[in-house]
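Protein sequence lines correspond, in order, to chains V and E. Residue numbering for the first sequence follows my numbering, starting at -10 and increasing by one per position. Residue numbering for the second sequence follows my numbering, starting at 50 and increasing by one per position.
Quick caveat, the hints were computed from the structure, so don't treat them as lab data. Don't take each hint at face value.
With the C-beta cut set under 8 Å, the calculated list includes, among others, these residues of chain E facing chain V [stated by the list, open to error]:
| id | residue |
| --- | --- |
| 1 | Lys532 |
| 2 | Val541 |
| 3 | Ile549 |
| 4 | Gly554 |
| 5 | Ile555 |
Label-pair ranges, simulated between beta-carbon atoms [claimed, not checked]:
| id | chain 1 | residue 1 | chain 2 | residue 2 | range |
| --- | --- | --- | --- | --- | --- |
| 6 | E | Leu369 | V | Glu13 | 56 to 64 Å |
| 7 | V | Gly38 | E | Glu418 | 31 to 39 Å |
| 8 | V | Leu(-7) | E | Leu263 | 36 to 44 Å |
Don't be surprised by glycine CBs; every beta carbon is placed ideally from N, CA and C.
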Amino acid sequence: MSALHVRVRVAGEEYALPVEEVLEVAELGDVTPLPGAAAAVVGVRNLRGQVVPVVDLGTVMGLPGGSAPQRIVIAEAGGRKAALAVDRVAGVEQLPEASEEVESPHLVRAALADGSLVGVVDVGSVLDAVQGPPQR
Amino acid sequence: MTEPDAELLEVFREEATERLDSMVETLLALEAGGAQPEAIDSLFRDAHSIKGSAGMVGVEEVRAIAHKMEDALEDARKRGEFAHELTDPMLRATDALRHAVGGEGGMASGALQELSAVIAQRGRGPGVAEAAPAAEAAPEPASGAPKERRSMRMSTEKVDRLFEAVGETVLHSRRLERLVVADAALEREDEHLEGELGRGELLLSELQDSVIQLRTLPLGSITARFPRAVRDLAATYDKQVQLVITGADTQLDRTILDGISETISHLLSNAVAHGIEPPEERERAGKAARGRIDLRAGQRGSLVAIEVADDGRGVALELLQKAGEGGALADTLAEAGFSTAEEVTEVSGRGVGLDAVKSHVESLGGSLEVHSSPGEGTTVTMLLPLTLALLRVLVVERSGQRFGLPLTSVEEVLIVSDTLSLGGREAIEVRGQSIPVADLGLIIGGAVQELPERRQAVIVASSGRRVAALCDRIVEEQEAVVKSLGPLLTAVSGYLGAAIMNDGGIALILDPAFLTRRLPRGAVAAVAPEGERPPSKVLVVDDQFAVRQLQRSILEAAGYQVVTARDGREALTKVAGEPDIELVVTDIEMPEMDGIELLRTIRADTDQASLPVVVVTSRTGEEDRRRGLDAGADAYIVKDHFDQNALLETVDRLLTR
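Start from the sequences and build out the full structure, keeping to the hints where you can.
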């Protein structure tokens, strides 16, 4: 896997997604709420005729309230596609290979870049967390 | 190339599965004695072909099993007969192959040993030394063009994408047509334009038809394993059952077929286990010792009917009577099957799991019907839509969000003004029928805004249940391409999918079965206290004072009015004298008249036959349970597990349904 990542910002924290797992980036757009779904599921969105679930990355990462999603990163893992809602997409860049210790179950590793700590998101684990039993 | 190509492997799997299906069919035909002499050759060809392609994709276990099958068949060919004792090992070998083909190993060694043993045993028998002269027949017929079906394998996803695209195109052309026609009407008549529009519509509907056909498959594509399953299951019950399949060429949408296979197999198991009687019992009743199950399929208008019919004992008379009192037999059986551990888990066998079958059929937009005659058999009919292509929906709005309701489930749209209270819930009366009223937003669990003063409701019906769903506004009726919410959201219930509206927004398509079944107390509009009905009266029957008092206090605390009786006879007097008694909770063992006798008497009385009766007893024996069920108990609570929640839940459920 290359070290090329899509850098995003959520509730003041820095995250990155491996480019291999990212299909595209788009505006948040109109999201239709889906009652009965997990709390992190904001709803579903029409993405060029496809119905895609929108997942609030901040909620999954345990950052309640702090996020103000503007953009979505369409990611795919294990045949499941979802739009991860983030505050901002900072760009695509190489992350240093050297890893820092992390404890979050939804992070593969963390890296130090430009003096800030960047969590590398485990997309599969994020989707697993959302796919759980219904909340109703 | 070390790893076999994934796509190649998939092609191999599909082909092998088809060959295996055909082998099982041939083996069963041989066993029944109805196979032609070329049956052995056909088995040989299948095994040989599986072996060949397994070698190609490098699946060693598959190759080994297929090879051993060839050995056994070679021997049979030499003798010119298929020995009876070969059937079981061969069938098990097909199972092992199926596993190995699916990528799961582990069954090979057992199957190989078993086959080897049979071959060795046959070898010791007389006649093995005489090598048959005709043994040299080539596995594949060398001459004569094999009737080859020209076909193309394609990923289902690709077909689905095409399918959706065509659906959207159809919708788009309708919108375009409407615009053009509206425009033309203002300006001038343009015959040429209208002609082209008409032609476009025709072409598009042809395109749509052929894409729909692309996605349909015959029912036969999933029935291959049923004869074998029925045979095996019947054997474990020491029953004789013949499965007759008709209409296997009936076409169904693949998405419907995918889910229906398990449902059919469930119905078949029910028929074998509970419908068909043991041979002795059948003979006593003047029937053939061998039972018959028919699996029939056929088109009925825009629906496909799939029936599982047995010639067994039929469902209990009590249930038939109960169903006759209103509501379909399918509902009665499905409800009886809806039970907790403390309650009835088996109602003459037929209720078991029927609720699951019913809800599955409903989730596909279909419905379930059950017909039964005592002693003559039971027929379960699933009515399914031909395709999930374009669904006609009624679009409604609630709290600023649009929802689609399948038009087949919408009975009417009305303004709710006068409501009444039924069991503490708000209801409206429509043509003599009372229908619960609930806020659509609350049913599905969304955040809701206040409803407008002029309350609009859509009467939604699903398998005999109804609800008046309140919403802000009825938008319009339209056709929609229903898209799946995708694998991430499969655990979320209540939706058939989502449709993209003309403005690009999304309307969630609601599942009518979910709406009508799910009426949480909170979802029901608050009831005006002055409309409140007096509390339901429950009769508690038990010979022990302490038990009567315990049950009385539990029920009274929950707001019921309670009367008591010491035995069956006293209970009958109370029931006759107090017609407002709505439910009976009774013990079984009592002096004078026991609970079973009480139950029978109530059921035999036409005025009281539908009175719900809950049987409570300390005895857990199957025999007692069956006696209670046969006599027509609605629910069964075992005293050993007695807890007040179980009692209250049961009483509550029986009184509100």
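Against the structure, the hints come out as follows:
1. Lys532: Hint holds; Lys532 (chain E) Cβ to chain V Cβ min 5 Å, cut 8 Å.
2. Val541: At about 5 Å, which falls below the 8 Å cut-off, the nearest Cβ of chain V leaves the hint on Val541 (chain E) intact, so it holds.
3. Ile549: Interface hint status for Ile549 (chain E): holds (5 Å vs cutoff 8 Å).
4. Gly554: Holds: closest Cβ of chain V sits about 6 Å from Gly554 (chain E), inside 8 Å.
5. Ile555: holds (4 Å)
6. E:Leu369 - V:Glu13: 56 to 64 Å: Distance hint for Leu369 (chain E), Glu13 (chain V) holds at roughly 59 Å.
7. V:Gly38 - E:Glu418: 31 to 39 Å: holds (37 Å)
8. V:Leu(-7) - E:Leu263: 36 to 44 Å: Given about 39 Å between the Cβ atoms, the range holds.
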